[in-house]
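Visitor: Chain by chain, the residues run as shown.
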Amino acid sequence: MSLVEPLERRAIISGIGQSAVGRRLNRSDLDLTVEACLEAIADAGLTRDDIDGLATYPGAGIGTGGFAGPGTPEVQDALRLNLSWHDGGSEGPAQMRALFAACLAVGAGLARHVLIYRTVTESTAQGTGGRQGIGASSEHEGEQSGLPRFSGFLQWYLPFGAVSAVNWIALVAKRRFHEFGLSREQLAYVALNGRKNAAYNPKAIYRDTMTLEDYLSARMISTPLCLYDCDAPCDGSTALVVSHVDYSPDTPQHPCHIHAIGTAIKGRPSWDQFDDMTTMAARDAAKSMWQRSDLGPADVQLAQLYDGFSVLALVWLEALGLCPVGESGLFVEGGDRIALDGALPLNTAGGQLSAGRLHGFGLLHEACVQLRHQAGERQVPGEPEVAVVSNGGGPLAGSVLLTR
Amino acid sequence: MTADGPPLRLLPRLDDTNRFFWTSGADGRLRFLRCQECLTYVHPPAPICPSCLGSKLTPDAVSGRATLHSYTVNHQQWIPGSQEYIIALVEIDEQEGLRLTTNLTACEPEEAAIGMAVEVVFALHDDVYLPLFRPLRRPKAPQSAPDQRGGPQKGKGR
Ligand SMILES: [Zn+2]
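In the order they appear, the protein sequences are chains A and B. Note that this note's numbering numbers the first sequence so that position 252 is 252, with each residue one more than the last. To convert, count from 1 in the second sequence and add 1000; that's this note's numbering.
Simulated from the structure, these hints should not be mistaken for laboratory data. Any given hint could be a false lead.
As the list claims (entries may be wrong) - With beta-carbon atoms standing in for the labels, derived distance ranges: (1) 1047(B) to 209(A): 53 to 63 Å; (2) 1109(B) to 60(A): 32 to 42 Å; (3) 343(A) to 1020(B): 52 to 62 Å; (4) 1058(B) to 78(A): 53 to 63 Å; (5) 211(A) to 1038(B): 54 to 64 Å; (6) 1026(B) to 343(A): 55 to 65 Å; (7) 1047(B) to 78(A): 39 to 49 Å; (8) 208(A) to 1079(B): 25 to 35 Å; (9) 89(A) to 1058(B): 30 to 40 Å.
Just so it is clear, the structure is predicted and the values come from calculations on it, not from any experiment. In this text, a Cβ means the ideal position worked out from N, Cα and C, and glycines have one as well.
Using the sequences and the accompanying hints, generate a full structural model.
Guide: The structure is reproduced here in structure tokens:
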């Protein structure tokens, strides 16, 4: 624990909002974003005139169709915000970059109430065609054969048909099978747990019952990952208001305090050159978070861990010290420990596997709902006061410890 | 039958930095940039050596032998009609942590095993020699176990 109080403790999440979430909503990303933002602002007991900061991840124009959502200039203009500070971009501690930037801006006095959001319209963008590989939407000009050519990091993956994060993460999963004896029967419980919790989340994409049998018989995407190991593309926007802690007494809802943020990456920033392929950057982000806290893994009462692919939740469980290294498969097996009434409730709204790929921010939103004790049927018992949230996988990772 | 890779190869755009790597297979040899001061192999290509910050880096041939670090059988039809193919992560014998994402060829999924010895084989597409890897074909009476990493000069790069 450092001597100086971490700057992020000057920040709270004062308001939360979420648009409609679903498949092929056929609404524009800006439309969904405005819905989420207005809800978050009102929830914080503020008006748009109070908002003086704005941040998002990843900013406009990044990734394949429906991935990026609107950039901050569009949102600023739609809401006619007068900003003292603004930020958007894709490089940093995964999707949490926007949250962390907002915390630091508030702590540094650059802004008092920062609106942050993450919007996806991947379901509408994909139509009925399903998930695409990265090369599929390339706008690179062709060369000799008329096919697109690739520079930068993609050149090391695309020629070999490793065209999607599912392929890159499958290599992580397979390595875990080899090193730790992880099995599909264990991995299944990340998906099954999410599906069980999604039954109590009216906004979840998949709410039908799923059995171990269903999981094991699902079609393979990239071994050992099957369809149910991959999150569900959706349309939706999540927004949070990050305020200075001075505002705490005036929030209409119970605020969530930012206790510590995890931002580190010490290994090589690469999908295939990272020193330990079983952890990658989650290891470093989680460690740096605990170094900024006097709390420890035993204090965590619920976890919202990134499950863009099921195995990533296992990586995070170990990286955060919530179970011993190599034992996450055993930890989740059977599902009891991670159930709503278990020792460590996990992904209580269904996670991205069942609730939808809101890309990290859905997990942040749910952590706040739980710490406010407003989760209704899916509320974790015992009035929890400490939650951990993680975002990202591979060489992208960020985590945050939230307290009531 | 498992395919050697995707039916459509999305190729790298060659430039002065990566051309040596992607055309190295013309003479059947795999090459990496190597620091001439401390002998660290550097990949992907970079202007300086990450170990000693030296700037004398030149492409050096390696044995082409590697160890299967991880793999996945891709089933998803990113391109309609594609067959299953194996995406492999191999660690080059000459240096710990020096890896390539590639395809495992001439190998059925059930034969693949993490730790197995593999060797480079090149596939020419347009002007690009893609380094693929196949199970190492050993002479009779092999001297070492199949999962043992060989290589006379293991570097010390990160
Ligand atoms: Zn050197």
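Visitor: Now look at each hint and say whether the structure bears it out.
Guide: Tested hints:
1. At about 56 Å, the CB distance of residue 1047(B) to residue 209(A) agrees with the hint of 53 to 63 Å.
2. Between residue 1109(B) and residue 60(A) the C-beta distance comes to about 41 Å, which sits within the given range of 32 to 42 Å.
3. A C-beta distance of roughly 54 Å is found between residue 343(A) and residue 1020(B), which places it inside the suggested range of 52 to 62 Å.
4. In this structure, residue 1058(B) and residue 78(A) meet the distance hint of 53 to 63 Å, their C-beta atoms being roughly 54 Å apart.
5. Judged by the Cβ atoms, the range 54 to 64 Å given for residue 211(A) and residue 1038(B) holds: they are separated by roughly 56 Å.
6. Taken as a hint, the range 55 to 65 Å holds for the pair residue 1026(B) and residue 343(A), whose Cβ atoms sit roughly 59 Å apart.
7. For residue 1047(B) paired with residue 78(A), a C-beta distance near 43 Å keeps the hint of 39 to 49 Å intact.
8. Remark: the range hint 25 to 35 Å for residue 208(A) to residue 1079(B) is upheld by a beta-carbon distance near 30 Å.
9. Checked against the hint of 30 to 40 Å, the pair residue 89(A) and residue 1058(B) passes, with Cβ atoms roughly 36 Å apart.
Checked against the numbered hints above, the structure violates none of them.
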